[in-house]
Amino acid sequence: MPTYRDFSLPDLGEGLTEGEILSWLVKEGDAVALNQPIVEIETAKAAVEIPSPYAGVVTKLHHAEGETVDVGSPIISFDTDPAGAAAPDDAPTIQGGDLVPSEPGIVGSPAPTAGGEEKISVLVGTGPKSGKLTRRARKPAAAAAAAPARQPARVSAAAVGARAAKLVGEVRVLAKPPVRKLARELGVDLRVIVGSGHNGTVTRADVEAAASPGRALAEPPTLAAVPSQALDFDPATREQRIPIKGVRKATAAAMVASAFTAPHVTEFVTVDVTPTMDLASRLRSHPDFEGVKVSPLLLVARALLLAVRRHPMINSSWDDAAQEIVVKDYVNLGIAAATPRGLIVPNIKDADSLSMPQLAAALESLVAVARDGRTAPADMQHGTITITNVGVFGVDGGTPILNPGESAILCFGAVREQPWVHEGAIAIRKVTQFALSFDHRIVDGQLGSEFLADVAGMLADPWQLVSWS
Amino acid sequence: MTEALRPQPSEGPEFVQLLTPEGERVAHPDYDLEISDEEIRGLYRDLLMVRRIDTEATALQRQGELGLWASLLGQEAAQVGAGRALTASDFAFPTYREHGVAFCKGVDPVTLLGLFRGTSQGGWDPYQNGFGLYTIVIGSQTLHATGYAMGLQRDGGDGAAMAFFGDGASSQGDVNEAFVWASVFNAPVVFFCQNNQWAISEPLEKQTRIPLYRRAQGFGFPGVRVDGNDVLAVLAVTRQALARAREGSGPTLVEAWTYRMGAHTTSDDPTRYRLAAELETWKLKDPIERVKAHLSRSGGADATFFAEVDTAADELAAHLRAGCLALPDPDPITLFDNVYAEGSSLLDEEREQCAAYLASFAAAGH
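Chains as they are written, first to last, in my numbering: chain A, 1 to 469; chain B, 1 to 366.
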C-alpha cells in the first residue's frame, strides 16, 4: 500500500507565524531522498532551505511560489511507499500534519504507534503563543465543539460539525478560564462568538447572550484566509491572475496617493553631456575615487544637489494638515531602484553634505544593498527629492510620478551618441534627456524650469559644478 | 592598532599549528605530538561523526522536529581536540554548542536533543560522563568550572575542569571573575575559548583590542592561541594545559582560533551581517579536509576507511533521527516539578490551578 504523508510548514525560527515560499526545488512526481532540499522559505528572520523529512515521491505541492503560508499549514505531500498503487483519494484520513498536541501544551512527535499510525507534528517551538495553533477540542459538553478544521482527520470524523468542516482558517478564541467553564456548562461553542472584550476576548456577558434563545450565530471569520491558488496561467481564459501584495502593493498605493494628491507638471530638456562623460572617465582614474564606482549618475546627483542649493524650495513638502510648506535644509536623495522584488526608493541621508567620493560610495552601496533585497525600512523613509535613472533600461525619458511627500523627481534618460550642433558644426555628441516632474502646489513653472535648466547646464558644462560648489 | 582591528594569526610560534590546511604536518617548539596513524584515523572519525550529528540536527530543526539548534559547523576540530584531551576524571562545562565535546565524552547525541525539542530541561546526568548540562546563560559556566576545580583542589581529586566559552562570552563579567578566582586560587581549570569570530552578529573587534589569549597575562596565568581548525594542535595544547592543571600549576587560557561556518542558531541569518568572502576563506581551512588530505597523502588511510566512516556516520544520523522522534513528551504538569528542591506553597497552588485548567479540555484525539 502506498503511504501518504503531508508536511506542514514548521516554525523555522522561534515564534514565527508564517513564511513565504520562495522557490520549490522539487516538483510533483519527483522522487526525493531524506534530507534532500525541497523548498526555500523566507521568514521574517531568514531565507532557509527545508530538507525533505521523508524519502519517497512528491504527490502534491500545496502552494505556489510567492505565496505566504501560515505555520502549521500543509505545503507538500509525499508518497513514502510509491510501490503501492492506491491513489491519494483512497486515503482520506491521512493523519499527517496533525496540529493537535497529543498532550496539552506539548509539541513534538511521539514514536510511531503500534497501529502504524504516525503523528507528524511540525510545530515544535511554536508554543501556544503563535495564535496559529489549532485549539484542542473541548469536552463533549460543548456539543458543537469542532475539530480543528484544517486538520479534520485526527479528530474523529463524527465530531466534526458541518460548519467546522468548512472552516479553513483557524479561529483563535480568547477567553478566561471561568468564562470557558461557563461556556462549557451552557453548551456554548466559544468559537462562534464574536467577543466584545479587549482584543476580541469573549466575556461572560457574551457567553450568556449566546446561550439565550433566538440569537443568530455570528459567522466565524474564515474564507478570506484561503490562500490563492490562482498564480497559474489559466488556459481557458488565457489570463494569469497575480495576487497584489508586497512591494507591488506598496508601490501602487504610493503612486495612487501621489498622483491624485500632488498636481504633477513634467518638463523636459535635452542636453549634450559629452563633457560630463569625459569628466567621469577622468575621475575614475583619480586616486580619491579608487575602489568606488564613478557613474554618470554620480555627476547627475551632484548637479541636482548643487541646483537644490540654488533653489531650496524644490526640496520641500506640502503639509496639508498644518497648511504649511516644509522647506528642508538637508537633502535625503532618493534613488529609484529596480530590485528583484520590485521598485523601491532608498535614499542617501544628508547627501548634500557628502564629498564626491563619499557620494559615489553611498550610491554604489545603496544600489548594491537594494539589489540584494537588504534595504532597511529606515533607508526608504524621509526622502526629500528623487532621481529615477530610466536610462539604464535604454529609454530616453518619461514623466515620473513623485515619491509621496516630495516635490520633485528628476528622470535621467539614456545617454546616446547623436548628431548635434557643436561649435557651429554637426558633430557626434553624447546626448541625453532629463525630465523633471514637480508638485505644482509648491513649485511654479518658473522655479521648475530654472532648476531643470541649472541641472542641465551643469552637465553640459561641468565647470559649473566647480563654480557653484 | 591594525592588530586590534582584526588580529590575524601568523605562522609564528604564537599560533600553534601542527597540521596545515593543506594537510602538511609541521613542528612546533613547545607542542610536540607523538601520534600514530590509528589515532589520527580515530580523530578523523570523530570529526566526521560530529559533523554528521550537526547536519542531521539542523535538518530535524528545519523539519519542525526541533525548536532550535546551535550548529557547530566549522568548530569540529576545536571540540574534538579538546574533547579527546579530556580524561574520564576531567569535567567539562559546556555552552550550548559543545556537541562535539559531548560526543567525545560519550554522551549519546540523542540526549542532547531533548533540550532543543522541548521535551527535557537538561537531558543527561552530568556526573555520568563528566559533562555538565548545556548552559544558555553566556559565560556563567566558567564560574561553575572554577568552583568545581577549587573543589577538586580541596578534595584532592586527580582531575581538572575545562570551561568552554566563546569570544562573545569573553566580555562577560562572569568570565573575568572566573579568571580572577582561578588565578588567585591556582585552580586546576582550563579556560577553552572557541574564538569563532562572531558573537551572533557582533564581530571580534567589538570584543577586544588585543588578541584574547593575551588577556590571561593580565590575570596572571598563561594564554596560548592554537589553530582551532587543527585537531592535532588543539589536542596537543589542551593536553598540556590539562596536565599543567592536574599537577597543580594552575589555570591556562586556550584560545582556539576558528570560525562559525553556519548561523549562530537556526533562528539566525548570518548573510545579513557577514561577508560571503570571509566564509570562502575559512572554507579553505576546513578542519576535516586537512586530516583527510594528510591521511590520504601519508598512506595512513585508504578509500575503504573513508567509505566505512561515511557509512558509520549515516548510521549515526539514522540513530539520531529515530531517537529524536521517539523522545517521550513529558506531562505538562511536570513543568512545576524542578523549580524548587523542597517545593513551595505558592507553586503547589499554581500547579493545582494549572491542572484544573488542563482538565477543562477534552483529551486530544477523542
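No wet-lab data here; the hints were simulated from the structure.
From the three backbone atoms N, C-alpha and C, an ideal C-beta is built for every residue, glycine too.
Among the hints, a few may not be true.
As the list claims (entries may be wrong) - Output of the computed footprint for chain B on chain A, the stretches with three or more beta carbons under 8 Å from beta carbons of chain B: (1) 10-18; (2) 177-190; (3) 336-343.
What the hints assert, rightly or not - Simulated restraints on C-beta separations: (4) A/Pro243 to B/Ser360: 39 to 49 Å; (5) A/Gly457 to B/Thr281: 44 to 54 Å; (6) A/Gln36 to B/Thr281: 21 to 31 Å; (7) A/Lys249 to B/Gly106: 52 to 62 Å; (8) B/Thr281 to A/Gln446: 53 to 63 Å.
Verification of the supplied hints:
1. 10-18: holds (count 5)
2. 177-190: Answer holds; 4 residues pass the 8 Å Cβ test.
3. 336-343: violated (count 0)
4. A/Pro243 to B/Ser360: 39 to 49 Å: The hinted range 39 to 49 Å holds for A/Pro243 and B/Ser360, with Cβ atoms some 40 Å apart.
5. A/Gly457 to B/Thr281: 44 to 54 Å: Distance hint for A/Gly457, B/Thr281 holds at roughly 49 Å.
6. A/Gln36 to B/Thr281: 21 to 31 Å: holds (29 Å)
7. A/Lys249 to B/Gly106: 52 to 62 Å: holds (56 Å)
8. B/Thr281 to A/Gln446: 53 to 63 Å: holds (58 Å)
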